[in-house]
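Undergrad: Take a look at the letters that make up each chain.
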Amino acid sequence: MTKTFSVRTRSRTTFVDITAEVRSIVADLGVEDGAIVVYCPHTTAAITINESADPDVVRDVIGKLSELVPESPAFFHAEGNSDAHIKSSLIGCSETVLVRDGDLVLGTWQGIFFCEFDGPRSRQVVVGAL
Amino acid sequence: MTKTFSVRTRSRTTFVDITAEVRSIVADLGVEDGAIVVYCPHTTAAITINESADPDVVRDVIGKLSELVPESPAFFHAEGNSDAHIKSSLIGCSETVLVRDGDLVLGTWQGIFFCEFDGPRSRQVVVGAL
Amino acid sequence: MTKTFSVRTRSRTTFVDITAEVRSIVADLGVEDGAIVVYCPHTTAAITINESADPDVVRDVIGKLSELVPESPAFFHAEGNSDAHIKSSLIGCSETVLVRDGDLVLGTWQGIFFCEFDGPRSRQVVVGAL
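Protein chains in written order, with our numbering: chain A, 1 to 130; chain B, 1001 to 1130; chain C, 2001 to 2130.
Extracted from the complex, chain A is given alone in its bound form:
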């Protein structure tokens, strides 16, 4: 009751709308009524739910996160991506979404996003039925 899919990210910091992929997996898994977890197995990325209608919303989320947690040479971790690890813990590596009648229980404006903080890379997302 788990499926994994890949996300190709195109810049260092970017949010990718993965709602369609998650919805498709819910159908594949045959989940009718229950819940799923959308899980990011990476430590410099995250999963969030926010408005998917206007791309300026996630642009503003990214802008503010970059302002609050800028890249900096002052971090101890020597790989230059501590800001990405910090953003990952602030946003969180999973979202739990209810499923009713075979479809995700999302609000009108909600979409599920893969949050890349240290790209560009090929990433994995795990979806599991609860």
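Don't read these hints as lab results, they were simulated from the structure. Please note that a few of the clues may not be correct.
The calculated lysine-lysine pairs, modelled on DSS-like cross-linking and capped at a C-alpha distance of 30 Å, are [to be verified]:
| id | chain 1 | residue 1 | chain 2 | residue 2 |
| --- | --- | --- | --- | --- |
| 1 | A | 3 | B | 1003 |
| 2 | C | 2003 | A | 3 |
| 3 | C | 2003 | B | 1003 |
Label pairs and their in silico Cβ distance ranges [as the list claims (entries may be wrong)]:
| id | chain 1 | residue 1 | chain 2 | residue 2 | range |
| --- | --- | --- | --- | --- | --- |
| 4 | B | 1059 | C | 2121 | 23 to 33 Å |
| 5 | A | 122 | C | 2100 | 32 to 42 Å |
| 6 | A | 53 | B | 1122 | 12 to 22 Å |
| 7 | B | 1078 | A | 30 | 21 to 31 Å |
| 8 | B | 1100 | A | 73 | 45 to 55 Å |
| 9 | A | 122 | C | 2074 | 40 to 50 Å |
The C-beta atom is built at its ideal place from N, Cα and C for all residues, glycine as well.
The hints should help you fit chains B and C onto chain A, whose structure is shown.
TA: Chains B and C in isolation, oriented as in the chain A frame:
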């Protein structure tokens, strides 16, 4: 195994203790041992768990969030509520709570809060058994 | 299907890797395929998943959190630990982790951390099967 209830918020940014409503729904759903997800289907609000004994705690959480992510005309999203979208992703739109012997497994000081960041409004909260 | 264990924290702000304890409980509970929630019943602590290989990663997460949310006498809550309550809501009090073939579905670099923001103390962590 899902119930929805309404929350009336009274100001732009306010946290409403919804622990009693959630507890009542757990009883209605007949959940004895398992878990529930408390889910916010809005993109300018969130769900958090924090101290419910002293209202100054959530007052301080709200104050700091407003300081870190103030309203600003500099955002791209034109509706003037980008700060609320950002706070929503920082806090997160759901909490998962264990249920044992028909009651929520919460710590002594914990309560469940609906976090309004773009009120006042009438909002929905979805509670689903896992 | 719930087990609780104790974590002894040694300073005011510190992250403790609890992956081994959680893995051991998953075996004790006999969870083969499903998911668990790792839950913190305290309001001045949290649970996060981040890199466990290099301890400088969580050192940087702690450093940035302390910079964004410093201790301050200006808070309303009179116990002097409002910063800890705020960090708790920013990081979140639980993580949901999938289990496959009896083991946690974690990425290569991921570990589960108990985040202490108001120690040193003896704390509890609840692990429940979903």
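Undergrad: Hints first: check each against the structure and report whether it holds.
TA: Status of the hints after comparison with the structure:
Our distance criterion of 30 Å between C-alpha atoms is met by residue 3(A) and residue 1003(B), whose separation comes to about 28 Å. Simply put, residue 2003(C) and residue 3(A) have alpha-carbon atoms about 28 Å apart, close enough for the 30 Å limit, and the pair holds. As the CA atoms of residue 2003(C) and residue 1003(B) are separated by approximately 28 Å, the hinted pair is consistent with the 30 Å bound. A hinted range of 23 to 33 Å for the beta carbons of residue 1059(B) and residue 2121(C) is consistent with their spacing of about 24 Å.
A hinted range of 32 to 42 Å for the beta carbons of residue 122(A) and residue 2100(C) is inconsistent with their spacing of about 22 Å. For the pair residue 53(A) and residue 1122(B), the supplied restraint of 12 to 22 Å holds, since their beta-carbon distance comes to about 21 Å. Here the CB-CB span from residue 1078(B) to residue 30(A) is close to 41 Å, at odds with the stated 21 to 31 Å. Restraint check, residue 1100(B) to residue 73(A): a C-beta distance of roughly 48 Å satisfies the suggested window 45 to 55 Å.
Taking 40 to 50 Å as the suggested C-beta distance range, the pair residue 122(A) and residue 2074(C) conforms, at roughly 46 Å.
In terms of the numbered hints stated before, the structure departs from hints 5 and 7, listed from lowest to highest.
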